[in-house]
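Sequence order for the protein chains is A and B.
Numbering follows this note's numbering, with no gaps: position 28 of the first sequence is 245.
Numbering follows this note's numbering, with no gaps: position 331 of the second sequence is 375.
Treat the hints as calculated values from the structure; they're not laboratory data.
In this text, a Cβ means the ideal position worked out from N, Cα and C, and glycines have one as well.
Mixed in with the good hints there might be a few duds.
[Unchecked claim] Covered stretches of chain B, going by a simulated chain A footprint (3 or more residues, C-beta under 8 angstroms):
hint : stretch
1    : 222-236
2    : 421-431
[What the hints assert, rightly or not] Mimicking DSSO-like on lysine-lysine, the simulated pairs with C-alpha atoms at most 30 angstroms apart in a straight line are:
hint : chain 1 : residue 1 : chain 2 : residue 2
3    : A       : Lys366    : A       : Lys310
4    : B       : Lys166    : A       : Lys350
5    : B       : Lys124    : B       : Lys70
6    : A       : Lys366    : B       : Lys166
7    : A       : Lys366    : B       : Lys70
8    : B       : Lys70     : B       : Lys97
9    : A       : Lys549    : A       : Lys474
10   : A       : Lys474    : A       : Lys302
11   : B       : Lys301    : B       : Lys97
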Amino acid sequence: MQEEGELSSRKGADLGLWCGVAGSWMGLYEPQHEQDVVKFVEKCAKVGVTKLLCAYYTAPVRSHRWVFRLPGVEAPYERYGYGEKSALSALVKHAHGHGIEVHPYVAVGHQGWWRPHPESALREFLPILHLSKFASDNPAYFSKTREGKSWLDIDRRQRLTGYPGVGLLSLAYPEVREYFTSLCVEFVQDYGVDGVQLEFIIPPTDEQGFCLLGYDEPAMTAFRAEYGQDPREIDSSDENWMRFRAGYVTQFIRELKEALSNLEANVELSLQTEATGSTFSEPASAYKLMFDWPAWVEEQLFDVLYPRFWLSNPAWWSIAPTDIAGELSTIKRQVGDRCRVVTGLAIVGGREDIGWSEDIARLVEREAMAALEAGVDGVAIHRSEFVEGLGLWGMLANISSSEPVED
Amino acid sequence: MDSKNGIDLVLWCGVGGLYFESFYEKDIGTFVEKCAEAGVTRLIPSFYISPVKSHRWLIRHLEVEAAYEPYEYGEKSPLKVLVRHAHDCGLEVHPHVPLGSEGGWMRVSPVGELGVFARMSKFARDHPEYWTKTQDGRGWLDVNRREKLAGSPGIGLFPGTGFISLAFPEVREYARSLFTEYVQDYGVDGVQLEFIIPPTDDRGSYLLGYDEPAMTAFEGKYGQDPREIDNSDDSWMRFRAGYFTQFVRELREALSKPGAEVELSVATEATDGIFNEPSRAYKMMFDWPTWVEEQLIDVLYPRFWLTPPMWWPVAPPEVAEELSTIKKQIGDKCQVIAGLVCLGGNDNIAELTERAAGAALDEGADGLGVYRADAVEAFGLWGMLENLSSADARQVS
């Protein structure tokens, strides 16, 4: 039964929203005004959002600090308050006050990026480098190519399928797996979140779709010991080597699940990545991208899977149209009843063959309804600043209810 | 090199085809060759961070400042390299500089959110008194970046952009010296004043300019403190606009000296009535009718946004109508080149642009400009440029 002013989600399905802590994505973080958070959560509650999936590319916890670098300078990049003053604390407090869950998400391995210019049609990078302090102190942990190059060894102007824009740490190092595990645990223990979400950034791949990274000392040493081969002397698409590298990601999720299960709080663990290429349409190949979700489903390592379909097409990422219904069907067949599936719908960037907000809203609503009819457990929209910027709150209300609403 | 039908085909760009950065000489060379093949006759590279030592920039985050010098200087500067390659291919180079814009919060998202890094010139950092102010005495850095003053969103967002006041002769001298340095040291063929639409109230009246020299001079002349009259008071509005005209006069004079004679152009967005209501343009400090009347400028570049970006949902332009108004106003006192903005992405952007180009040429535009090179590259619009540079452009509309 819908309460006046607050709509319950449609058919009991979740309506998730990827967001920053106050609706904006990156900009309004410091110092965080609590009233920004309050206003944002109220808007979410009004339209029936049930779950906030908030981004923390630079974590709001003291133990996981970040820095930025310009030539000759490295300085703290601290956009948040910490602890009780943190934006995450405020978000959890107000969200819970409206019955909305909070699931911060962490980009697995992601510990550095060159700052992109948001207005460049070519997604150019500015000469400003962001790094976690952990990564800055341990550059050896950055995952390497076959030639032994890490992200920092490659000029940001040389594009290697999206790399070196983003720096990914290697999960072959137990210290790295511990670092990410501890961040998720801290979110639960100190901030009272309802769950944590792992985001998997699509790594750089070769033409056959095999991940180009992972040539890291612990992995290569262990592979040599098991197979008697130096990975640098075999093809990067060698199945044993590929599965070996993917195995470290699986290991990380196992360790994280165990750590979370040892906590008093019972929290949900979810995973998300972009539904592009063959990630979801060819489950048997997913390990090539180090995202071996079929294996993780088999081991029941997580609770919810969020495949994210891009309905808009930023100029810097040419995405082929996706057969959403087809991929969802494949996913549902693979997971059975071992985990839930929430369809992610991304509206970041423009869309070449439709206009702005009104058309994108109707497109998203159609896809959301189709996904719900296909039996997914919910819909999540990426991202909140586009909802705000394009005036799409009515769209969220339409997805969560049966009554159409205009913005 | 002339374009294929004799009109100027202009491309706003960065130095190497990208918009914001590219510093490999090979990138610049490749880009210029592509432009030449497509029939481009003139490049307008933007330098939001200037590539000259005398006009350095920095970045600030909280209490930390760092030099922000993305370019080499002197012979290795991307502008020098661009000029050399462009001239070899018969193209002209006219760098543009946003007038008075000496700081800004760096945007972090396509919907225009302002991030936590501020860029500013060292000149402005060393002289905070030069930031232009609102009626209640606030400069750019006094306004919380989450607070939006009424007026133009997106480009003119205040406090997104920090403007220094042209009421200070030192500021006019500083701004002018950058242009003359481009001419004297880099061998450019012209310079372009980029005019960023300032914040305005809901009547379209400029909200800034409450700066000490201006207020003192106004009170001296009219016996009134500008802070005690309506912001849109006509005398006060014209008084403030007069400093912009003064700057253009002084720049024109500097560029008239022997060895510095180059083309002076101005560009701004064809929105908010700037061009289709010429008698009101002074209210946005862009008194182009006066500048044309005094023959201070050689070329006017109204820029028409054919597709709106997310951070600036402008209404579709009436290209023919506005150009007709402009042509009536300028007569033969200066040229007009229609700028066509193809940012924002759209499946039929090439068709839209070519149609607008045809309309512009039919109304007597002296040339066509395409904004920007990164969009041309990202959306595969080199063929569109070729079409624009050929006789076919006149047949599209």
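Does the stretch 222-236 of chain B contain three or more residues whose Cβ lies closer than 8 angstroms to a Cβ of chain A?
violated (count 0)
What's the verdict on A:Lys474 and A:Lys302, does the C-alpha distance respect the 30 angstroms limit or exceed it?
holds (28 angstroms)
Taking only the CA atoms, is the gap from A:Lys366 to B:Lys166 under or equal to 30 angstroms?
Violated, because 37 angstroms separates the two Cα atoms, which is more than 30 angstroms.
Restraint check for B:Lys124 with B:Lys70, where alpha carbons must lie at most 30 angstroms apart:
Holds. B:Lys124 to B:Lys70 sits at ~14 angstroms (cutoff 30 angstroms).
Within 30 angstroms, alpha carbon to alpha carbon, are B:Lys301 and B:Lys97?
Satisfied, since the Cα-Cα distance of roughly 23 angstroms is no more than 30 angstroms.
Can the restraint linking B:Lys70 and B:Lys97 be considered satisfied, given a maximum Cα separation of 30 angstroms?
Status holds; Cα separation ~24 angstroms.
30 angstroms limit on alpha-carbon distance, applied to hinted pair A:Lys366 and B:Lys70
The hint holds at about 23 angstroms.
What's the verdict on B:Lys166 and A:Lys350, does the C-alpha distance respect the 30 angstroms limit or exceed it?
holds (29 angstroms)
At a Cβ distance under 8 angstroms, does chain A reach at least three residues of the stretch 421-431 of chain B?
holds (count 3)
Hint consistency between A:Lys366 and A:Lys310 [alpha-carbon to alpha-carbon, up to 30 angstroms]
Given that 30 angstroms is the threshold and the Cα spacing comes to 44 angstroms, the pair is violated.
Between A:Lys549 and A:Lys474, is the straight-line Cα distance small enough, at 30 angstroms or below?
holds (22 angstroms)
Checked against the numbered hints given earlier, the structure breaks hints 1, 3, 6 and satisfies all the rest.
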